[in-house]
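Number of protein chains: 2
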Amino acid sequence: MGILVVGSVALDSVITPFGAKDDILGGSATYSSIAASYFTDVSMIAVIGEDFPEKHTSFLGKKGIDTAGLQKKKGKTFRWKGRYEQDMNSRTTLDTQLNVFADFDPKLSSAHRAQKYLFLGNIDPDLQYSVLDQMDRPNFVACDTMNIWIENKRDALLKTLKRIDLLVINDEEARMLADCSNVLQAAKRILAMGPKKLVIKRGEYGAILFGPRTIFTVPAFPVENVSDPTGAGDSFAGGLMGYIANVAKEDEISMRKGMVYGAVMASFNVTDFGVHRLGELTFTEIEARYREFCKMTLFEDFNKKDGMQFDLVY
Amino acid sequence: MGILVVGSVALDSVITPFGAKDDILGGSATYSSIAASYFTDVSMIAVIGEDFPEKHTSFLGKKGIDTAGLQKKKGKTFRWKGRYEQDMNSRTTLDTQLNVFADFDPKLSSAHRAQKYLFLGNIDPDLQYSVLDQMDRPNFVACDTMNIWIENKRDALLKTLKRIDLLVINDEEARMLADCSNVLQAAKRILAMGPKKLVIKRGEYGAILFGPRTIFTVPAFPVENVSDPTGAGDSFAGGLMGYIANVAKEDEISMRKGMVYGAVMASFNVTDFGVHRLGELTFTEIEARYREFCKMTLFEDFNKKDGMQFDLVY
Numbered sequence: 154m155g156i157l158v159v160g161s162v163a164l165d166s167v168i169t170p171f172g173a174k175d176d177i178l179g180g181s182a183t184y185s186s187i188a189a190s191y192f193t194d195v196s197m198i199a200v201i202g203e204d205f206p207e208k209h210t211s212f213l214g215k216k217g218i219d220t221a222g223l224q225k226k227k228g229k230t231f232r233w234k235g236r237y238e239q240d241m242n243s244r245t246t247l248d249t250q251l252n253v254f255a256d257f258d259p260k261l262s263s264a265h266r267a268q269k270y271l272f273l274g275n276i277d278p279d280l281q282y283s284v285l286d287q288m289d290r291p292n293f294v295a296c297d298t299m300n301i302w303i304e305n306k307r308d309a310l311l312k313t314l315k316r317i318d319l320l321v322i323n324d325e326e327a328r329m330l331a332d333c334s335n336v337l338q339a340a341k342r343i344l345a346m347g348p349k350k351l352v353i354k355r356g357e358y359g360a361i362l363f364g365p366r367t368i369f370t371v372p373a374f375p376v377e378n379v380s381d382p383t384g385a386g387d388s389f390a391g392g393l394m395g396y397i398a399n400v401a402k403e404d405e406i407s408m409r410k411g412m413v414y415g416a417v418m419a420s421f422n423v424t425d426f427g428v429h430r431l432g433e434l435t436f437t438e439i440e441a442r443y444r445e446f447c448k449m450t451l452f453e454d455f456n457k458k459d460g461m462q463f464d465l466v467y
Numbered sequence: 154m155g156i157l158v159v160g161s162v163a164l165d166s167v168i169t170p171f172g173a174k175d176d177i178l179g180g181s182a183t184y185s186s187i188a189a190s191y192f193t194d195v196s197m198i199a200v201i202g203e204d205f206p207e208k209h210t211s212f213l214g215k216k217g218i219d220t221a222g223l224q225k226k227k228g229k230t231f232r233w234k235g236r237y238e239q240d241m242n243s244r245t246t247l248d249t250q251l252n253v254f255a256d257f258d259p260k261l262s263s264a265h266r267a268q269k270y271l272f273l274g275n276i277d278p279d280l281q282y283s284v285l286d287q288m289d290r291p292n293f294v295a296c297d298t299m300n301i302w303i304e305n306k307r308d309a310l311l312k313t314l315k316r317i318d319l320l321v322i323n324d325e326e327a328r329m330l331a332d333c334s335n336v337l338q339a340a341k342r343i344l345a346m347g348p349k350k351l352v353i354k355r356g357e358y359g360a361i362l363f364g365p366r367t368i369f370t371v372p373a374f375p376v377e378n379v380s381d382p383t384g385a386g387d388s389f390a391g392g393l394m395g396y397i398a399n400v401a402k403e404d405e406i407s408m409r410k411g412m413v414y415g416a417v418m419a420s421f422n423v424t425d426f427g428v429h430r431l432g433e434l435t436f437t438e439i440e441a442r443y444r445e446f447c448k449m450t451l452f453e454d455f456n457k458k459d460g461m462q463f464d465l466v467y
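For the protein sequence lines, the chains are A and B, in the order given.
Read in order, the letters of the first sequence are residues 154 to 467 in our numbering.
Read in order, the letters of the second sequence are residues 154 to 467 in our numbering.
Same shape as in the complex, but just chain A (with noise of 0.2 angstroms):
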């Protein structure tokens, strides 16, 4: 089944040790609908400006992702400007211009209504909800936030958290909104706040699936060639739902592979500024990378026959 995303269409700015770009393509719809479109049909729902090169809408177009639902409103695309420290691991923002993000008001047109399965991206709680509002009735729904919001809009988050499947957030996120520095406490009570399940993504370490009685770590694939960590969160969180789109099931063995899917596009995201590397990967080369995963992973001898061979290819 088919996938909608609602999310973040941005210009960026990125300075890392290794290099700078201006105005490049980004935003959290941006990478999760590329990171998704590898796995099954992705429709966008992002606002741009007059300024939004039409590029980077043909490049969408290219990768299979129906972008009727990309408004184009007066004034400025939204631009984010930040540069990442020499371990990679920290990030400070530089400039922030909301533009047209600042009123986004996500619209549904019937068929986006009719979706199965639903991404929201990192946008205001209240647009989340409002866009769970103009849901039919959606099979699974994921759902990304960030400190902002958690510090700023605690009772809109709240209120979208018990309306959907599957909260995707970071470690300090994770401890934010769970006022609480163990990981495993932490997930408990997020828990509680309502998502079915969650899943607390730790960068360079990997990821972490928590449901009510069951846990699932993945690690992140080592990198030796790390550019530009941008986007690799929201990549996870695009080849996760994807997948799980792909296969419409959402069952523990699922949501297993497709973490890992996850991890294999965002380990592919960072190699590169912006979705240059994300855009132009091959179905092989996702599987192979997947394949990679296991060989990372295995420690018992369950498929003692097929003869396992552990060399990597790093």
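Keep in mind the hints are simulated off the structure, nothing from the lab.
Possibly wrong hints are sitting among the right ones.
It does not matter which identical chain is meant; a pair holds if it fits inside one copy or across any two.
As a list, the in silico DSSO-like pairs of lysine-lysine whose alpha-carbon atoms are at most 27 angstroms apart [to be verified]:
| hint | residue 1 | residue 2 |
| --- | --- | --- |
| 1 | Lys234 | Lys208 |
| 2 | Lys448 | Lys402 |
| 3 | Lys448 | Lys341 |
| 4 | Lys448 | Lys349 |
| 5 | Lys349 | Lys306 |
| 6 | Lys260 | Lys208 |
A quick note: this is a predicted structure, and the numbers were derived from the prediction, not measured.
Given chain A's structure and the hints, the job is docking chain B onto it.
Just chain B now, kept in the frame of chain A:
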């Protein structure tokens, strides 16, 4: 086969957000020997002072550990005092009194020299080298180290690294030793220094095993009641080396299972102060936790026929 463990025995004073304990049994050799003792026969080489309580020696004896190599010297036992902050990831050393440890000069008996498995805990690399020189012909040697040796005794450390099979260090030490912030690049540089394999411990994020062409990741078991992280890394190394000595094989699959047993031992160790929890485990508990690691990491239907249940006990 049995294992020889060389390292420190200490009396630790530990302050955490959950309490404080004074002069409790600690030290790298203590934690790793106790962890290894669940898997194989352990002989310990370390130095203690006249003030070392007899009950500690007899406790080690009750764990089946050969303490003939525990040399009692004139003076006081090595003492360390530290404090953990709220998130348990950062600690501050408040006081270090080397005492008899300052003149530690490990002398091996002929029985010790004949051992086939050796773990060199975190001591001066010159002492580690001296132990290696005394050994007859070990099958497999693992070694730990720390920031002060990497900074102040780099040449001695590099000499030792050329003669070992496995280096077991943490993230920060790996980055310092390799002078490189990317973990995969750091691993490649360290493997080029001599060790055949490298384990990088990452605290609550687990650990990675690097071989020339293999990578294996093990998560940490998420634990709600972390009381005292002291000795987690040594418990990990002890579990890993104890398992390897037990099976007397160092092939890839044995190393991987050993990594999981290491993570099992560390996950129990952190739930109480000092060696309280680590020292009272049963093999049934260890095996049960090992199976939890299987559940927590599996994503392919390798054992479909067994109908893996993902539900965890946590």
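Status of each hint after checking the structure:
1. Taking CA atoms no more than 27 angstroms apart as the test, Lys234 paired with Lys208 passes inside one copy only; the shortest distance there is 21 angstroms, against 61 angstroms between copies.
2. When the C-alpha separation of Lys448 and Lys402 is checked against a cutoff of 27 angstroms, the pair qualifies both within a copy, at 25 angstroms, and between copies, at 20 angstroms.
3. Taking the closest pair of Cα atoms, Lys448 and Lys341 come within 27 angstroms of each other only across two copies (19 angstroms); inside a single copy the shortest separation is 30 angstroms, beyond that limit.
4. In the homo-oligomer, the alpha carbons of Lys448 and Lys349 lie at most 27 angstroms apart only across protomers (19 angstroms), although the nearest pairing inside one protomer, at 30 angstroms, exceeds that limit.
5. For the identical chains of this complex, Lys349 and Lys306 are intra-copy neighbours only, at 21 angstroms inside a copy versus 52 angstroms across copies, given an alpha-carbon limit of 27 angstroms.
6. In this assembly of identical chains, the alpha carbons of Lys260 and Lys208 lie at most 27 angstroms apart only when taken from the same copy (24 angstroms versus 73 angstroms across copies).
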